[in-house]
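Participant: Based on the provided sequences and hints, a complete structural model is requested.
Our numbering applies: residue 1 is where the sequence shown begins, and numbers increase by one.
In the DSBU-like style, the derived pairs of lysine-lysine whose C-alpha atoms are separated by at most 35 Å in a straight line are:
no. : residue 1 : residue 2
1   : K82       : K31
2   : K197      : K176
3   : K139      : K99
4   : K21       : K139
5   : K172      : K150
6   : K171      : K139
7   : K139      : K197
8   : K31       : K139
9   : K31       : K21
10  : K197      : K82
11  : K176      : K82
12  : K172      : K139
13  : K155      : K82
14  : K99       : K31
15  : K139      : K82
16  : K155      : K176
17  : K31       : K155
18  : K139      : K150
19  : K172      : K21
20  : K171      : K31
21  : K171      : K82
22  : K176      : K99
23  : K150      : K21
24  : K139      : K176
25  : K171      : K155
26  : K21       : K155
27  : K21       : K171
28  : K150      : K171
29  : K150      : K99
30  : K82       : K172
31  : K172      : K155
32  : K197      : K171
33  : K82       : K99
34  : K172      : K197
35  : K82       : K21
Quick list of simulated restraints, FRET-style, between CB atoms:
no. : residue 1 : residue 2 : range
36  : M58       : G120      : 36 to 46 Å
37  : D73       : G154      : 31 to 41 Å
38  : T138      : G112      : 23 to 33 Å
39  : Q118      : G157      : 35 to 45 Å
40  : Q64       : R23       : 29 to 39 Å
No lab work stands behind these hints, which were simulated from the structure alone. Even glycine gets a Cβ: it sits at the ideal position worked out from N, Cα and C.
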Amino acid sequence: MSVRAVIYDTETIRSVPPRGKPRVEGIEYCKSWTDYEGMGISVVCAYDYGSDLYRIFMCDNAVQFQWLINRADVIIGFNSLKFDNNLVREFGINLPDSKSYDLLVEIWIAAGLAPTYQHGTHAGYSLNDCIRANFGITKGACGGDGAPVKWQQGKIGIVTDYCLADVCGTKKLIDKIMSTGRITDPVYPERTLEVRKPW
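Facilitator: Now the structure itself:
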C-alpha cells in the first residue's frame, strides 16, 4: 500500500458531568465535553496499515504516537475532527486536520446531512450503530462517561480493551468502504450509503 494510513481512538481520565444523573462518588470530573485539558488522556489506541500492527499509547510512550502520526499520510478517526484531534493536541501532539479523515463526518455527508452535528437529524450514527447495522455485532458498553469512571477505578485493562475495540470497529468499516465503497445506513438499514474513501 503506497498510502500510509493510521486509525486511532482516545479515552479520557476524567468524566464529563452527567446530565440529569448524580455524579459517581469519588470520581473526578472535567467541566464539559470541550474541556480537553480537564479531561486528560488515559489511553490512545491505533492501527497502522503500513505495519499491520495495533498499537497502545499511554503517558510513558506518547512520543511514539507522535512518530506514528508524523509518518502517516491519512489519520482516520470517528468523530475525531470534533473530539479526538482536539484532545490529543491539548497534550502536545501535532495532529493536523489536513491529514484527517473523520469517518462519522463522511457517513453524515453520505446520508445527505450537514458535516457538523445538528440536533434532531444526526442521531443514530454512532460507531456502535454503524457496526451493528453492517456486521451484526456490538462493541462493549464502556464509552461516554463509563470509560473514565472505570479508568479511575483502576480498571485499566477494561478501558484499554474498549478503546482498542473502537479502533477495530472503525477498521472494519473502513475496510468495507475500501472494498465496496458503501456501508449500510444504520438509521435506514434498507439503503446503503456511498461513503468517500480515505485514500
